[in-house]
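Engineer: Here is what each chain is made of, one letter per residue.
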Amino acid sequence: MTGSYLSRSREANQFCAEKRFEIGTIPFRKNIPGAEKIMLTSRGCWFLFSVLVILSLGLLRLSLPLTLLGLTLLLWFAAQWLGFLVRLPGMRRLRVEREVWDDRSAVATLWAGQTFEVRVRLSHDGRLPSPHVLATDCLPFAVEQLNGSIHVQGIVQAKKPLEITYRIRCGPAGLARFEGVRIQSADWQGFFYHVHFVHAVVILPILPALTPRAVQPTSLKRHNLLLPPGIHRFRRPGSGSELLDLRDYLPGDPPKTIAWKVSARRGRLITKEFESEVPVRCTLFVDTSSSVRVPTPAGASSRQIRYGKALDRLIDIAAGVLQTNASIRDLTGLCLFDEYGAQYVAPDRGSVHRTKCLWLLAAVAARSPIPSSSFESREGGGIDPDHLLPLAYSFAAEVYPELLRSAVNSVPWAMTWLEGFSGYSRRLHLGLLELLHRRKSTLRTLCWWTSFWALILPLCLLLMRALMRTQALDHWLLLVVFVAPLTALATWAGTLFLFGVDAVAGGGKRRRDRWRKQLAALLSARYGLAPGGLAMLLEDDDAFSLLVQRFLSEHQVPYTLPLYSPEGRYLFAAPQKVPVLANALVRAVGKGRDNELFVLLADLLELDDALDPLLRAVQVALGRHHQVVLICPWPPGLERPHTQGERPVSTGRLTPAARLDPGHLEDQVTIQRFHRAYQRLRRMFTRLGVAVLCAAEEEPIPLILSRLERLRNLGRPYS
Amino acid sequence: MTLSENQDQRSEASQELRSHPAVRNYMLLCLAALFLLVVCLAERGLEWWCLVPALIGCLALLTYWSHGPPLVLLSLAGLLSMSGPRSRGLHVGWWRFRMPTLMDLMLCVAVLAYVLGHYRLLSLVRHIFPLDPRRRRVDPAQRRSAALVTGWEMALLGAALPVWTGLAVVTWVWMMDYAPLLDMPLELWRVLRLVWAILAVLAVTGIMASYLRQTTATPEESLLYLQDQCWRQTHRAQSMFNRWLTWARLRAQRRTCVSRPSLRIREVRTRGQS
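For the protein sequence lines, the chains are A and B, in the order given.
Each residue of the first sequence is one higher than the one before, starting from 1 at the first, in my numbering.
Each residue of the second sequence is one higher than the one before, starting from 1001 at the first, in my numbering.
For the record, the hints were derived by calculation from the structure and aren't laboratory data.
For glycine and all other residues, C-beta sits at the position ideal for the given N, C-alpha and C.
Every clue listed holds true.
Example chain A residues on the side facing chain B (calculated, C-beta under 7 Å, incomplete): (1) T41; (2) S50; (3) S63; (4) L69; (5) T72; (6) W76; (7) A186; (8) L403; (9) A525.
Below are the DMTMM-like pairs computed for lysine to aspartate or glutamate, each with C-alpha atoms no more than 20 Å apart in a straight line: (10) K256(A) - E273(A); (11) K159(A) - E1153(B); (12) K160(A) - E1153(B); (13) K160(A) - D125(A); (14) K261(A) - D248(A).
The whole structure should be built from the sequences, with the hints applied where relevant.
Structural biologist: In structure tokens, the structure reads:
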């Protein structure tokens, strides 16, 4: 899973659904239980069957012991059922209280890589105790369970709440969304079963980790006067305290700067010039467009798959620079940009400013990608909804079982067996079986029309013959009377045959249709499209795909998407972000002073012909004696580009069969495509004198810090 | 951790679970119930056949077989129906006016105790919630924790046995009270009365449960219900309109692509470079 990148996105979604939600390995093959309903288990079914047999035999064979025995068991069973039923409304009134603790107290903010303890309390105020319940806390995708259990079982009573305690370790920066607690209840015999989800959404931000860097610059005292933290000497005339130069006195110079001894020696008035003391500013331009937000599988544990995205590394770099600069009181600015606009935070120092920047970074890390060409592309350009359907449905079945009940979200059997949902957008790319499955209603209509005309046509001819009193139509009449029933019969037989083919081969398609209908109804109601939204989402694949992505991203469910359309177009290329970045850079240059470092953490791959505005902006910045560094984000799991003189890492000897594997070939092509794009970008910016680095390497933070150190030491005579 | 270590740990946990007092108590209850069952059947003169249900029950207890209780019940039904009054050639009236004996009541108590104990035992050692067919192994969380079994539960169980047997006798007396209508056979009349009674209870309970469910529905559920009803009534018309709308949207997109040659050139360039 780790080696593949693009071609395995569907498998990655499937893998996630399998590990987390126990969905089957083959899409649409296995049913997903979990819709909220009272279920008689197989144990209960067999017992009821045995009791009914005993009772029937007792009544029919006139056996008193059997009748009595049957009645005893039946009454007991009915009482168990009623008892279970009566206590169920209390399940819907359960309360969930959640606290997340660090080592000292409850917290409202998490930190990446840190461990916390989650305490969940399940209680209710009803008079009746609950049946036996198994409560399972829904673990967010952004965290990893360390120890403790997310399950607890027992009976919830008014004064005896159930408690769950476990420890988690936070993943990369983003949001941790605790959805609530899944409640499974059953009687002590295991005859009846009910699933309910108590929604208690708690969203906690995970701020980027602040780890001290080993390459943090040291503040050695090299001069008699140690400047305050954050202030650095600059070799231009200013109001500092260190002597820069001596020059002739000019009218208007303050008398206190006159160097009297030198003036006496030279015989004319000489004045002292002092150095400037300015802070060093660093502005980070962080790309938050969809291309860096695409999650890719980066390893799997026994319970769930771990995802990584290029943005995580960018945030790590930005947080590292922020922390290092804050420790020496340098000013750091932040500009978050995407294809729609930029958000600018002016360079500043202090813990408030740092916390604000970290919150902003955590907020953008929680956003999910949306292909820029979903609605703009031509047919087939959007994401295939079947790509995300198993994952989204299995998540909905776990978290929203009450909205998938057949009582409120039904799927009539006739609509899957006799009609099928069409899905207009994809009609041109369908195979024969898929076409047959979706156009069954057309076949049915054809049958009715053929039958109708087989009946009407002979009648019309007979009527014409009687009205016109001619025998010229007799041979036509004979022909129609003979052919029409045959045609109708053949149509019906052909239709029945095709329906039979679909019935045999369309099991997975029917299940997919059922999932899609239920999910479309849920999304339509959730996003305010009801009542007409359901039919719209069944027909329009692109709209459905977008809403599924929105649903998953709102719940922080990681999912992967194909990066390239079937036509080979990069779905996440957003050339609009280049002018946005260029404008932000020019604005920062306009507001900047001396000693500025601009760090562009931007994904500019495959945007070669759209880079002109940015190149001009970089030239402006360099012309003002600022420094610019470009850090290119790199998808995790993808082989990083080789620097000159570095030999590519061998991935092991592949068998001929593996070399011919389409997935492997596709991966290789993709990797080469990325490498070539990176080399082109590097050449383009190196010509201007801008250092280009790959974010996947360990060098970016040391490079940025060394550039900052160079700016600090710019005026020091000894450095 | 190796596979053999895993298996060792699992077998140790299983041994520990089987020796838990709660599991042992339920096991003893089932064995006692089976013994009582044998005594009751032997009193009916079934000779060696009286051992058959008990043997099946013991086997099911030893292997924690979930189909044990139904098999015990079915074997019992077979044995008792063969020894019923009709098979002995007795008159119908004999059955109608007969009152249950102590052995009849003991038989009911024994069977109920066995069924109850066996199913609760299964919940402790196998699973209480239905198994997910997609999982290969039983998750330990799916079985009821033996530590949750209290003395109060055992006491309730002991009290339930005579209560439900007594209620069954009352129901039987109620059934015997009425003469058949329309001169229909006595057996048919009893079956019909029982079936109607069961259906009436089921219908009333079902209606009340669904009414309660609707009154406690959340706004999202109510909205979903209304949307579903609307869609079921008008889905053909809605489908047609939306198909046309989607077609129009796609056509507009195609035209936009054609009318923006720069976009096309850029795409071709990117493709060519790659």
